[in-house]
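Generate coordinates for the entire structure from the input sequences, incorporating the hints supplied.
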Amino acid sequence: MTATEINKISNYNVLEEMIPEFFRVTRVQKTTHDTFTIGLKPPNGKFEFSPGQFNMLYLFGTGEVPISISGDPSITHELVHTIRAVGTVTRAMANLKKDDWLGVRGPFGTSWPLKEAIGNDIVIVAGGIGLAPLRPSIYHVLFNREKYGKVVLLYGTRTPKDILFRKELEQWRARFDMEVHVTVDRAATDWKGNVGLVTTMIPRSHFDPLNSTVMVVGPEIMMKFTIQELHKRGVDFDNIYVSMERNMKCGIGFCGHCQAGPTFICKDGPVYPFPAVKDIFTKREI
Amino acid sequence: METLESLLSEHPFIKGLDQKHIQLITGCASNVRFDAGQIIFREGEEADQFYIIRQGKITLQIYTPGRGSIIIDSLTDEEILGWSWLIPPYQWRFDAVATVLTRAIALDGKCLRNKCEADHDLGFELLKRFASIVDSRLESTRIRLLDMYDSNGNK
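Residue numbers (this note's numbering), protein chains in the order written: chain L, 98 to 383; chain B, 5 to 159.
Be aware that one or more of the hints could be misleading.
[Stated by the list, open to error] When the alpha-carbon atoms are kept at most 27 Å apart in a straight line, the in silico BS3-like pairs for lysine-lysine are as follows: (1) L:K329 <-> B:K132; (2) B:K61 <-> L:K289; (3) L:K364 <-> L:K375; (4) B:K61 <-> B:K114; (5) B:K19 <-> B:K61; (6) L:K212 <-> L:K375; (7) B:K114 <-> L:K329; (8) L:K195 <-> L:K212; (9) L:K321 <-> L:K212; (10) L:K364 <-> L:K346; (11) B:K132 <-> B:K114; (12) B:K114 <-> L:K321; (13) L:K195 <-> L:K258; (14) B:K132 <-> B:K24; (15) L:K329 <-> L:K364; (16) L:K329 <-> B:K61; (17) B:K61 <-> L:K258; (18) L:K346 <-> L:K264; (19) L:K194 <-> L:K127; (20) L:K194 <-> L:K258; (21) L:K247 <-> B:K61; (22) B:K24 <-> L:K264; (23) B:K119 <-> B:K132; (24) L:K264 <-> L:K244.
[As the list claims (entries may be wrong)] Quick list of the computed label-pair ranges, beta carbon to beta carbon: (25) B:R46 <-> L:P370: 42 to 52 Å; (26) L:Q325 <-> B:K19: 44 to 54 Å; (27) L:F157 <-> B:Q59: 49 to 59 Å; (28) B:I43 <-> L:Q268: 27 to 37 Å; (29) B:P69 <-> L:H303: 39 to 49 Å; (30) L:K195 <-> B:I43: 43 to 53 Å; (31) B:D139 <-> L:R124: 43 to 53 Å; (32) L:F157 <-> B:G41: 35 to 45 Å; (33) B:V104 <-> L:H328: 30 to 40 Å; (34) L:K143 <-> B:R71: 44 to 54 Å; (35) L:G358 <-> B:R37: 24 to 34 Å; (36) L:H354 <-> B:G41: 47 to 57 Å; (37) B:G41 <-> L:R263: 31 to 41 Å; (38) L:G200 <-> B:D139: 41 to 51 Å.
Note that these hints are calculated values from the structure, not bench results.
Values in this document were obtained by computation on a predicted structure and should not be read as measured data.
We put the CB at the ideal spot given by N, CA and C, even for glycine.
In structure tokens:
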């Protein structure tokens, strides 16, 4: 089947979706010892997205990787990604300099239910680098603060040196209208914060479990236990949303790389209501 | 007026016990306060108490030769510190340090052990409650053993 034939039977212009646009690097900042934040200037001066969506970033000559957008959705003149340097492509991306070029395809995928959550308490649970895809929704909620009830952020990571967006976490914690709990798996005695699993923060935080929208991102095992603890606290599964990660490749549900059971994470996700992907957490075959 | 008995009977750990058991426990209880940085107990010392934290924060630490002390857990309001008083040889396995000004109710372990021996219903109720705490801390420790944030890669 040719691309034209595929286009005819699908809603996508496949060729167009597969061709990256050239974005110029505006900044590369070290975020932690193994993560960096990259700013990109859109070729037409504007890039719009919804919190939770991701892009395919193409480092020409090296490869393409799916990365969630971590910037402020109200700022359209700069696209921001926060990336952990773990593989060939992301390690090479960490060496980009201002004015270098990067290919971008996107934005792809579903977004957090921020409209549906209006009037509810917002509970955001992030693990590790999972705070990056949640940051746009935090910006959105704080920008529209009067539309939501209590706002609670629970963030767990490995050690104090792995804490992402530390300055922003401090600023958010200093606000009178937001509750922020940070915990690490282990720490030396100079750490004054919490040590323990992020799930231990759930009973300690203040929100109405019957009127809350919860967004969770992190390793699947962390999400699994977080959801169990949220449910124990009284949160209905229908009000819990998760962002899934698989080997996203095409971004439009054609290649099948990111298929998990009946769903294509790149197209039907990455953000799902938990009941839609419950099986992925429990079925070993998937 | 807030008495030790009323404070204890409202605490989730104690709530639901028979009034006579709450009175027995209150007989072993005292109010305590720890300043920031104060060592509450050290590994190897006799474990003769446990604590219901009313307000504050306590870290559990393990001393590692060559690496110094590592924080392995932190406990805060309403949580329970210490179960070594229940298990022979009744010695603390870790160090406990208050990181901020902390108020707690201390329960005399020896006193409670005697009361539990004399009244097995009380002993069983307390054991059930401690088993639940041990279970959730063991689960938390096992998950952390996975070092899950290290292998997650990019989201």
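Hint check results:
The hinted pair formed by K329 (chain L) and K132 (chain B) meets the criterion: a straight-line CA distance of about 19 Å does not exceed 27 Å. A distance of roughly 9 Å separates the Cα atoms of K61 (chain B) and K289 (chain L); the hinted pair therefore holds under the 27 Å criterion. In summary, the hint linking K364 (chain L) to K375 (chain L) is supported, as the alpha carbons are separated by about 18 Å, within the 27 Å threshold. With a C-alpha separation of about 25 Å, the suggested pairing of K61 (chain B) with K114 (chain B) holds against the 27 Å cut-off.
Among the hinted pairs, K19 (chain B) with K61 (chain B) is consistent with the structure: their alpha-carbon atoms are about 22 Å apart, no more than 27 Å. For the hint linking K212 (chain L) to K375 (chain L), the alpha-carbon distance of about 23 Å falls within 27 Å, and the restraint holds. About 34 Å separates the Cα atoms of K114 (chain B) and K329 (chain L), which puts this hinted pair outside 27 Å; it is violated. Of the pairs offered as hints, the one joining K195 (chain L) and K212 (chain L) is violated, with about 36 Å between alpha carbons and a cut-off of 27 Å exceeded.
Proposed proximity of K321 (chain L) and K212 (chain L) is supported: the alpha carbons are some 25 Å apart, at most 27 Å. Annotation: proposed proximity of K364 (chain L) to K346 (chain L) holds, straight-line Cα distance about 11 Å (limit 27 Å). Note on K132 (chain B) and K114 (chain B): the hinted pairing holds, with a Cα-Cα distance of about 18 Å set against a maximum of 27 Å. Under the criterion of a C-alpha separation no larger than 27 Å, the hint pairing K114 (chain B) with K321 (chain L) is inconsistent with the structure, at around 40 Å.
For a cut-off of 27 Å, the pair hint linking K195 (chain L) to K258 (chain L) stands: about 26 Å separates their Cα positions. Restraint check: the Cα-Cα separation between K132 (chain B) and K24 (chain B) comes to about 18 Å, which is no more than 27 Å; the hinted pair holds. A threshold of 27 Å between alpha carbons decides the hint, and for K329 (chain L) with K364 (chain L) the separation of about 31 Å lies outside it, so the pair is violated. Restraint check for K329 (chain L) and K61 (chain B): the C-alpha separation of about 24 Å stays at or below 27 Å, so the hint holds.
Restraint check: the Cα-Cα separation between K61 (chain B) and K258 (chain L) comes to about 21 Å, which is no more than 27 Å; the hinted pair holds. Simply put, K346 (chain L) and K264 (chain L) have alpha-carbon atoms about 33 Å apart, too far for the 27 Å limit, and the pair is violated. For the proposed pair K194 (chain L) and K127 (chain L), the alpha carbon gap of about 12 Å is at most 27 Å, so the pair holds. Restraint check for K194 (chain L) and K258 (chain L): the C-alpha separation of about 24 Å stays at or below 27 Å, so the hint holds.
For the suggested pair K247 (chain L) and K61 (chain B), the alpha carbons sit about 24 Å apart, so the restraint of at most 27 Å is met. For the proposed pair K24 (chain B) and K264 (chain L), the alpha carbon gap of about 52 Å is over 27 Å, so the pair is violated. Restraint check for K119 (chain B) and K132 (chain B): the C-alpha separation of about 16 Å stays at or below 27 Å, so the hint holds. Under the criterion of a C-alpha separation no larger than 27 Å, the hint pairing K264 (chain L) with K244 (chain L) is consistent with the structure, at around 25 Å.
Restraint check, R46 (chain B) to P370 (chain L): a C-beta distance of roughly 49 Å satisfies the suggested window 42 to 52 Å. Remark: the range hint 44 to 54 Å for Q325 (chain L) to K19 (chain B) is contradicted by a beta-carbon distance near 23 Å. Between F157 (chain L) and Q59 (chain B) the beta carbon distance is about 57 Å. The supplied range of 49 to 59 Å therefore holds. The supplied range of 27 to 37 Å is met by I43 (chain B) and Q268 (chain L), whose beta-carbon atoms lie about 34 Å from each other.
At about 41 Å, the CB distance of P69 (chain B) to H303 (chain L) agrees with the hint of 39 to 49 Å. The beta-carbon spacing between K195 (chain L) and I43 (chain B), approximately 51 Å, falls within the hinted interval of 43 to 53 Å. Against the hinted window of 43 to 53 Å, the Cβ-Cβ separation of D139 (chain B) and R124 (chain L) comes to about 48 Å, which satisfies the hint. One distance hint, 35 to 45 Å for the beta-carbon pair F157 (chain L) and G41 (chain B), is violated here, with the actual separation near 55 Å.
Between V104 (chain B) and H328 (chain L), the C-beta spacing of about 31 Å keeps the proposed range 30 to 40 Å intact. Our hint of 44 to 54 Å for K143 (chain L) and R71 (chain B) holds, since their Cβ atoms are close to 51 Å apart. Hint check: G358 (chain L) to R37 (chain B), Cβ distance near 55 Å, so the stated range 24 to 34 Å is violated. Evaluation of the 47 to 57 Å hint for H354 (chain L) and G41 (chain B) yields a pass: the beta carbon distance comes to about 53 Å.
As the Cβ distance of G41 (chain B) to R263 (chain L) is approximately 24 Å, the hint placing it in 31 to 41 Å is violated. A beta carbon spacing of about 50 Å between G200 (chain L) and D139 (chain B) agrees with the range 41 to 51 Å that was offered as a hint.
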